[in-house]
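Engineer: One letter stands for each residue in the lines below.
2 protein chains.
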Amino acid sequence: MDKDLRIIDVDVHNDLKSPLELVPYLPEPWRTRVAASGIGMPGHGYMSPVGVVRKDCMPPSGGPSASDPDFLVQDLMQQFNMEHVILTGNMTNISTMHDPDYAAAIASAYNDHIIADWLSKNDAFRGSITVAPQDPLLAAKEIDRLAGHPSMVQVLMGSAQRAPLGQRQFHPIYEAASRHGLPVAIHPGGEGAGGTPPPTPAGYPTRYLEWHTCLSQNYMAHLVSLVCEGVFEKFPNLKFVMLEGGIAWLPHLMWRLDKNYKGLRSSVPWLKRMPSAYIRDHCMFSTQPIEEPQEPQELISIFDMIDAENILMFSSDYPHWDNDMPTEILKRLSPEARTKIFNTNAKTLYKI
Amino acid sequence: MDKDLRIIDVDVHNDLKSPLELVPYLPEPWRTRVAASGIGMPGHGYMSPVGVVRKDCMPPSGGPSASDPDFLVQDLMQQFNMEHVILTGNMTNISTMHDPDYAAAIASAYNDHIIADWLSKNDAFRGSITVAPQDPLLAAKEIDRLAGHPSMVQVLMGSAQRAPLGQRQFHPIYEAASRHGLPVAIHPGGEGAGGTPPPTPAGYPTRYLEWHTCLSQNYMAHLVSLVCEGVFEKFPNLKFVMLEGGIAWLPHLMWRLDKNYKGLRSSVPWLKRMPSAYIRDHCMFSTQPIEEPQEPQELISIFDMIDAENILMFSSDYPHWDNDMPTEILKRLSPEARTKIFNTNAKTLYKI
Chain W
6 MDKDLRIIDV
16 DVHNDLKSPL
26 ELVPYLPEPW
36 RTRVAASGIG
46 MPGHGYMSPV
56 GVVRKDCMPP
66 SGGPSASDPD
76 FLVQDLMQQF
86 NMEHVILTGN
96 MTNISTMHDP
106 DYAAAIASAY
116 NDHIIADWLS
126 KNDAFRGSIT
136 VAPQDPLLAA
146 KEIDRLAGHP
156 SMVQVLMGSA
166 QRAPLGQRQF
176 HPIYEAASRH
186 GLPVAIHPGG
196 EGAGGTPPPT
206 PAGYPTRYLE
216 WHTCLSQNYM
226 AHLVSLVCEG
236 VFEKFPNLKF
246 VMLEGGIAWL
256 PHLMWRLDKN
266 YKGLRSSVPW
276 LKRMPSAYIR
286 DHCMFSTQPI
296 EEPQEPQELI
306 SIFDMIDAEN
316 ILMFSSDYPH
326 WDNDMPTEIL
336 KRLSPEARTK
346 IFNTNAKTLY
356 KI
Chain F
6 MDKDLRIIDV
16 DVHNDLKSPL
26 ELVPYLPEPW
36 RTRVAASGIG
46 MPGHGYMSPV
56 GVVRKDCMPP
66 SGGPSASDPD
76 FLVQDLMQQF
86 NMEHVILTGN
96 MTNISTMHDP
106 DYAAAIASAY
116 NDHIIADWLS
126 KNDAFRGSIT
136 VAPQDPLLAA
146 KEIDRLAGHP
156 SMVQVLMGSA
166 QRAPLGQRQF
176 HPIYEAASRH
186 GLPVAIHPGG
196 EGAGGTPPPT
206 PAGYPTRYLE
216 WHTCLSQNYM
226 AHLVSLVCEG
236 VFEKFPNLKF
246 VMLEGGIAWL
256 PHLMWRLDKN
266 YKGLRSSVPW
276 LKRMPSAYIR
286 DHCMFSTQPI
296 EEPQEPQELI
306 SIFDMIDAEN
316 ILMFSSDYPH
326 WDNDMPTEIL
336 KRLSPEARTK
346 IFNTNAKTLY
356 KI
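Protein chains in written order, with the working numbering: chain W, 6 to 357; chain F, 6 to 357.
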């Protein structure tokens, strides 16, 4: 990598030392329950045979990987010459919880923890306002509560949802984010758990390998919905960030959606441009886990088709099992494209 | 098009003149019920704003489009210099029915109708053994019953299924097809209807435009399942035909699945090769509805990535709203690739 290219990593999973860290920030009745029984996050039943979190980056101070701010700076940021990291935490699966009040309480407590125990520790950290989409009005309130914090740079929720994210019940979230000039990001992980549909349109796959491979399908479904429901016409300054959903499916999706739009546009009269134009102007994608063809040049061809240098942002997914390290990918891009993907696209989006 | 290139069209939707055409082939109690009340196919609730069937190709003899064998020969085969058509009918949505006995009875009656009212009418027609997957042992019996017919060239079922198609409950269907040397094909249309999961991993989209665009996701899920469950190791001569599911997503899917396999292969120890190798050797894809980029050369780049000339077969989807006509696509291929895609790939697969 270019020695003078400082990286912004847009998907770093800081972890709780223990669920008990949330207790001081929870109101009753949740405080007593969590203190006694933990968070009770719904599970999807798919277990990675290699674990989800790397074991080789556990902090010497104890606790799980990525639970110590100082060690995260040393192990990730200093090693890879990072200027900033966008903390995405480990709580987006609250989107799969059944009780909207409990989900909203956990989200608020988690956000307070992020501010107190992470953002205050290092100026290079930026945070995400995690929201529970089950009650979109409560989610909008949470955005209003925290959007003024100078280091909170986006709204974040799970891609595991009860419904496609373009549908109208979610619009209060976009209204609030848009009003505060914050992007909305989604992150996978809870697909198939709790109150969410089966993780594929074919139902429940058998193993983590299949479940993980199929996560991109959920991103495709949300993206089609966001465009067709007119979210980007209704909220013209809204930016949507698709974290960890893959990218090489974009040519297929944009071409198929544009073609169908040409034949069926009477059903979405609020759209004024081709669907792919909304995607190019309003959506950003993170690199990890980047698809890896045997012939690297084929990925570069895909990059050319999707204007990658303007819609991609580097992410490591540290400390997860499949995290991509900066030196391993994107070697073949032009210096200009590398600078955008590794730094300036994120800097512009997050107004850093 | 090359004047001497005769076409084989692998997805032609012959239709019933009326559901009553099935009545003579149904046993009781279904005969009386269908005669009185029709078939009662589950609906998914998504309506195309332009209709599903073209109105400009209704036969002068009366009845719905593609319900008259002679007019189909004239309107499709003669006009586009077709050597053979593979009839895929309009009954794959029986895969969404709730009652396995009723679904199997409708499938058998439909197959008897195809033999009597279509295959006997023209030597250029080839038929599909439609099966109801709800009871795979009954489906296998139906395959055994009809595999000997010289014009029945494949087993066909809906891609709308209760579960991913690699899972073990479906293996009796593959065992029977494999034993008779018949490919197994799937076709979309019933996604989200009857006993099937929501048509996307994000739940139920709002409109036909979104539903139709997302159909490819179901194909991705089935393909991941077929490979990971080891179907192509267990049935090494089995060929799987993915009709009307799109193709430009294949680079994404093959690269993502191969990458995940490298990290997680301990969970699928029966696989002996890279997942993409099974796809290339065992799966065939139909062209319609082909993705259409603004820059046609980008589709050719995708073709190169997926060895398209050896895995694609031309299909028109006649007489559906979005059917692709032979003169409109694939113009930029080499003559050799055109011959394979428009003729010899199907001839080899279907042993014509």
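These are calculated hints, taken from the structure and not from any lab test. Heads up, some of the hints might be wrong.
Repeated chains share a single entry, so a pair holds when one copy, or any two copies, can fit it.
Only pairs whose alpha carbons sit at most 30 Å apart, straight line, appear in this in silico DSS-like list of lysine-lysine [what the hints assert, rightly or not]:
1) Lys-356 with Lys-126
2) Lys-336 with Lys-264
3) Lys-264 with Lys-60
4) Lys-146 with Lys-336
5) Lys-8 with Lys-277
6) Lys-264 with Lys-146
7) Lys-277 with Lys-356
Computed from a prediction, not measured in an experiment: that's the story for all the values here.
Engineer: Hints first: check each against the structure and report whether it holds.
Structural biologist: Each hint tested on the structure:
Taking the shortest Cα distances, Lys-356 and Lys-126 sit within 30 Å of each other inside one copy (20 Å), while across copies they are farther apart (69 Å). Taking identical chains as interchangeable, the C-alpha atoms of Lys-336 and Lys-264 lie at most 30 Å apart only when they sit on different chains, with a minimum of 18 Å there against 33 Å within one chain. When the C-alpha separation of Lys-264 and Lys-60 is checked against a cutoff of 30 Å, the pair qualifies only between copies, where the shortest distance is 20 Å, while the shortest distance within a copy is 46 Å. Taking the shortest alpha-carbon separations for Lys-146 and Lys-336, neither the intra-copy value of 43 Å nor the inter-copy value of 55 Å comes in at or below 30 Å.
In this assembly of identical chains, the alpha carbons of Lys-8 and Lys-277 never lie at most 30 Å apart, being 44 Å within a copy and 41 Å across copies at closest. For the identical chains of this complex, Lys-264 and Lys-146 are neighbours neither inside a copy (39 Å) nor across copies (41 Å), given an alpha-carbon limit of 30 Å. When the C-alpha separation of Lys-277 and Lys-356 is checked against a cutoff of 30 Å, the pair qualifies only within one copy, where the shortest distance is 28 Å, while the shortest distance between copies is 49 Å.
In the structure shown, a violation is registered for the earlier hints numbered 4, 5 and 6, in ascending order.
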